[in-house]
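Let's have the full structure, built from the sequences with the hints guiding it.
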Amino acid sequence: MKHGPAAGHRGPLSLDVTARGHEVEVAIENPGPSRGPREGSAGLPTVERRLALSYGGAARLVLDSGEVRTRVTVTLPRAGPQPGVLT
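Each number in our numbering comes from the position in the sequence shown (counting from 1) with 29 added on.
To be clear, the hints were calculated from the coordinates, so they are not data collected in a lab.
Glycine included, every Cβ here is placed at the ideal spot set by N, Cα and C.
Mixed in with the good hints there might be a few duds.
[Stated by the list, open to error] Estimated spans, in silico, between C-beta atoms of each pair:
1. 111 x 60: 31 to 39 Å
2. 46 x 81: 17 to 25 Å
3. 98 x 70: 14 to 22 Å
Structural data, given as structure tokens:
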């Protein structure tokens, strides 16, 4: 995922990984609003499709963007991907 300087943002980038019950939450946050999809980029839709294929709907991706910051959170089952799925 492009965040921080790779997405044209300046400032601190934070990465949080949290285990909650049967899930692991990975969140990455940077200052500034999301600039939305870039021309010729399939970024977030591709990640969402790969999560659905690998985890059978048990994973989710949430984009939370405001004027001050952008945060993407991916929640995965701790058990890992479905058997036989290449990730």
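Here is how each hint holds up against the structure:
no.: 1; hint: 111 x 60: 31 to 39 Å; verdict: holds (36 Å)
no.: 2; hint: 46 x 81: 17 to 25 Å; verdict: holds (21 Å)
no.: 3; hint: 98 x 70: 14 to 22 Å; verdict: holds (21 Å)
Comparing the model with each earlier hint shows no violations; every hint is respected.
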